[in-house]
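Visitor: One letter stands for each residue in the lines below.
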Amino acid sequence: MINHSKPIAILLLVCAFVLNACSGSTSSEVRLQGAGATFPNPIYQKWFSAYNQSHPNLKFDYQSIGSGGGIKQISERTVDFGGSDAPMKDDDLKAAKGEILHIPTVLGADVITYNLPGVATELKLTPEAIAGIFLGNIKHWNDPQIASANAGVNLPASEIVVVHRSDGSGTTFVFTDYLSKISAEWQQKVGAGTSVNWPAGLGAKGNEGVTGQVKQTPNSIGYVELIYAEQNKLPYASVKNSAGEFARPALDSITAAAAGAATQMPDDLRISITNASGAGAYPIASFTYLLVYKDQQDQAKGKALADFLWWAIHDGEQMAKDLLYAPLPSEVVKRAEAKINSITNQGKPLRAS
Amino acid sequence: MKRRGRLADQVFKLITLLFALAIAGLVVLMIVEMARDSSLSFEKFGASFIWREVWDPVREEFGALPFIYGSAVSSIIGLIIAVPVSIGVSVFLVEHAPRSLSTPISFLVQLLAAIPSVVYGLWGIFVLAPLLRDTVYPRIQSAFGFLPLFKGTPNGLGLMTAGIILSIMIIPIVTAVATDVMRAVSRTQPEAALALGATKWEATWIVIQNARSGITGAVILGLGRAIGETMAVTMVIGNRPQISASLFDPSFTIASAIANEFTEATSEIYRHALVELGLILFVITFVINAFARLLVWGVTRGEGKGAHA
Numbered sequence: 000m001i002n003h004s005k006p007i008a009i010l011l012l013v014c015a016f017v018l019n020a021c022s023g024s025t026s027s028e029v030r031l032q033g034a035g036a037t038f039p040n041p042i043y044q045k046w047f048s049a050y051n052q053s054h055p056n057l058k059f060d061y062q063s064i065g066s067g068g069g070i071k072q073i074s075e076r077t078v079d080f081g082g083s084d085a086p087m088k089d090d091d092l093k094a095a096k097g098e099i100l101h102i103p104t105v106l107g108a109d110v111i112t113y114n115l116p117g118v119a120t121e122l123k124l125t126p127e128a129i130a131g132i133f134l135g136n137i138k139h140w141n142d143p144q145i146a147s148a149n150a151g152v153n154l155p156a157s158e159i160v161v162v163h164r165s166d167g168s169g170t171t172f173v174f175t176d177y178l179s180k181i182s183a184e185w186q187q188k189v190g191a192g193t194s195v196n197w198p199a200g201l202g203a204k205g206n207e208g209v210t211g212q213v214k215q216t217p218n219s220i221g222y223v224e225l226i227y228a229e230q231n232k233l234p235y236a237s238v239k240n241s242a243g244e245f246a247r248p249a250l251d252s253i254t255a256a257a258a259g260a261a262t263q264m265p266d267d268l269r270i271s272i273t274n275a276s277g278a279g280a281y282p283i284a285s286f287t288y289l290l291v292y293k294d295q296q297d298q299a300k301g302k303a304l305a306d307f308l309w310w311a312i313h314d315g316e317q318m319a320k321d322l323l324y325a326p327l328p329s330e331v332v333k334r335a336e337a338k339i340n341s342i343t344n345q346g347k348p349l350r351a352s
Numbered sequence: 000m001k002r003r004g005r006l007a008d009q010v011f012k013l014i015t016l017l018f019a020l021a022i023a024g025l026v027v028l029m030i031v032e033m034a035r036d037s038s039l040s041f042e043k044f045g046a047s048f049i050w051r052e053v054w055d056p057v058r059e060e061f062g063a064l065p066f067i068y069g070s071a072v073s074s075i076i077g078l079i080i081a082v083p084v085s086i087g088v089s090v091f092l093v094e095h096a097p098r099s100l101s102t103p104i105s106f107l108v109q110l111l112a113a114i115p116s117v118v119y120g121l122w123g124i125f126v127l128a129p130l131l132r133d134t135v136y137p138r139i140q141s142a143f144g145f146l147p148l149f150k151g152t153p154n155g156l157g158l159m160t161a162g163i164i165l166s167i168m169i170i171p172i173v174t175a176v177a178t179d180v181m182r183a184v185s186r187t188q189p190e191a192a193l194a195l196g197a198t199k200w201e202a203t204w205i206v207i208q209n210a211r212s213g214i215t216g217a218v219i220l221g222l223g224r225a226i227g228e229t230m231a232v233t234m235v236i237g238n239r240p241q242i243s244a245s246l247f248d249p250s251f252t253i254a255s256a257i258a259n260e261f262t263e264a265t266s267e268i269y270r271h272a273l274v275e276l277g278l279i280l281f282v283i284t285f286v287i288n289a290f291a292r293l294l295v296w297g298v299t300r301g302e303g304k305g306a307h308a
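From first to last, the protein sequence lines stand for chains A and B.
Using numbering that gives the first Met the number 0, the first residue of the first sequence is number 0, and each one after it goes up by one.
Using numbering that gives the first Met the number 0, the first residue of the second sequence is number 0, and each one after it goes up by one.
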C-alpha cells in the first residue's frame, strides 16, 4: 500500500495545481479565439502581439487552419472570429448561426513565378497566355502567344512545366477566380474553387511547395503569394490588366486594384477584385477578411473584438507594408468602419457606447 | 492472502479483457464513423465511386480510382526495389558480417527507420528528384523509351520517384524484421548442412527457407508502411489524380489526397468523398494485413517448426 500511495499523492498534487492554475486567472481577462486563413496569419499574429501590449487583459488565439476551416468554425460559433480569403458563399451565410459581417483587413496577390534558365528579363504575360498555359493548350515557352508580348526575349523551345497547388487554398481560389473571368474555356472546363480539377501540370503542397518546385524545375511556371516569390528571390511576371497595361505585382498596384473595385463594392463588402479595372491595377489580387457575428453574445468579448477590429484597420494597417501585405485603400477603410460600428450586443451597439 | 491474490488475478484478467475489447470496439467505431461521415458520397456515387476516374471539387464529381492506382503502383515499385535489397542486407548481417561490422550496420539501418518522413520528402524534392530528372531518367528513357512505362517528359516528380523514396523508407523496417527472423531461426539445420559439405550459399538458402514466413511478414509490414505513407510521397509524386501508363507521369495517392485536400474541403459532399477515400484505405490495409496473417499462418502450419518470430 505504501508503494501505491506515493504516486497517488503526487497525482492529487498535480491535479490541485492544474485546477488552481485554471481558476487562478483573473476574471477580467478576455480571450478571443479565431481560426481560418493561413495567408494573413503572419500579420494577424503581429497585430495580436502589438495590440496585446496596450491591452494586456486581452488574449488572442488564432489557428491558421485554412479559410474553409475558418468558415466552418465561425458558422458553428466555435470561435469568436473567423478568417477567410474568399468571401463566404450565400449558402454558407444562410447556414450560419446568425448574421456574419465581412471585415476586410489587408490585401494579397498571387504572382506568376517561373524558372527560365538563361532569361534574365522579366516576362510579360497576357491573360490569353496565362489561361493557355494553365489549360495545357500552350505547351512550349516560345509559343507566339507568349513571345508576342515579350519582344527581344530569347524564349527557349522547351516544354512548359506547370506547377499548381495540390492542397485546397485561398491562393488557388484567387487564381482560378481570375482565370474564370478572363477565359471562357477555363470557366466552362474548370471553374473557380479552393481546389480544382487541373487540366495540366504537377501539384505541390503549400505556397512553399510550389516555390520549391518552381525553383527546382527548369522551364516551370507556377503561382504563389507575392511574399513567397519575394523571399525566395524568384522572378515574377507582369500581367496585362483589363485596362490593357502590364501591371507589375507590387503593394501599390494591389491597393490600386482594390481602390478601383471599391466603387462597386456591395453593401456586405463581399467582392472579388480579380481582373479589376483601374489604372495600374494588378489583376490577380484579393481582400482577406475577418468574419464576425453582427450580434455578439458576450458583451465583454464583443466590445473587445469590435475595438480590436477598429484598431486593426487604422493602426494595424501601418504594419502591413513591412510584412509585404497591401494596406486597404482609404475608401474601403471607411466602408469597414461602418461595418464595425454596426456590431451589437443584444441590439445595443458596442462601439458607440 | 491467497484469496486476495486470486481476486486480484480475476480483476486483472477482467481489466486486460476490457482493454482487448476496447481495441476491437475502436476498430468497429472507426468503421461506423467513417461510413457515416461518407454517407453523402455513398448516396451520390454508390459503388461506382471506386472505379470513377474524375476528381473535380468544383463540379462535385468524385471518384477514387486514380488514387487507388497511385497508392498501389507506388507501393509496388517500392517493394520491388526494397525487398531484394533488404533480404540481401539481412543475409549479410546474419550470415557473413563480422560482429565489428554487423553492429554498426544494424544500428545505421535502425537509424534510417527513425528519420521523420517529411525529411525524406525534402531530400526527395531537393536532391533525389533533380538527380533522377537530369541523369537517371534520361538514361532509362534512351534504353527503354519504347515501352509505354517510360514515355513522356520526365520532370523528376511522379510514380517512379515516389516508389524510389518509398523503397528507401521501407528498407529499414523490412531489413530489421527479416534480420531478427533469420537470427531466430534454428542454427542446427544450416550448420548440419555445412557439416555435410554444403556450400555457404546452400546453407544460407536453408536459413531463408526456414525464415520465409517471417520474411513475408516483414515485407507486408513494409507494404503497410508504404501504402499509408503521406508526407514524403506527396512531396515527390506530383499530386495529379490521373491514371497514366508512364511511371514518369505525376500521380496521387489516397493518403496524400486526404492530407492535401481536407483542410479546405468546404462543401459537405467534398468532405464526405475524402472520408470515403479514407475508408477505402482502411479496408485495403485491413485486407492486406488479413491476407498476410493467413499466409504466415499457412506457412508456419505447413512447416510445423518454422520461424516463430
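Check each hint, because a few of them may be wrong.
[Claimed, not checked] Cut-off 16 Å, straight-line C-alpha distance, at most; resulting in silico cross-link-like pairs (EDC-like, lysine to aspartate or glutamate): (1) A:LYS300 with A:GLU28; (2) A:LYS188 with B:GLU267; (3) A:LYS293 with A:GLU336; (4) A:LYS93 with B:GLU94; (5) A:LYS188 with B:GLU60.
[Unchecked claim] Label-pair distances were calculated between CB atoms; the ranges are: (6) A:ALA94 with B:GLN9: 37 to 47 Å; (7) B:VAL27 with A:GLU184: 26 to 36 Å; (8) A:GLU184 with B:ALA244: 51 to 61 Å; (9) B:GLN9 with A:LYS58: 27 to 37 Å.
FYI, nobody ran anything at the bench for these hints, they're computed from the structure.
Glycine is no exception: its CB is placed at the ideal position from the N, C-alpha and C atoms.
Visitor: Does each hint hold? Answer for all of them.
Guide: Hints, verified against the model:
1. A:LYS300 with A:GLU28: 10 Å, holds
2. A:LYS188 with B:GLU267: 22 Å, violated
3. A:LYS293 with A:GLU336: OK: A:LYS293 and A:GLU336 at ~13 Å, within 16 Å.
4. A:LYS93 with B:GLU94: Outside the cut-off at roughly 70 Å; violated.
5. A:LYS188 with B:GLU60: 13 Å, holds
6. A:ALA94 with B:GLN9: 37 to 47 Å: Violated - the Cβ-Cβ distance for A:ALA94 and B:GLN9, about 53 Å, lies outside 37 to 47 Å.
7. B:VAL27 with A:GLU184: 26 to 36 Å: Roughly 49 Å apart at Cβ, these two residues miss the hinted range, so it is violated.
8. A:GLU184 with B:ALA244: 51 to 61 Å: 27 Å, violated
9. B:GLN9 with A:LYS58: 27 to 37 Å: 51 Å, violated
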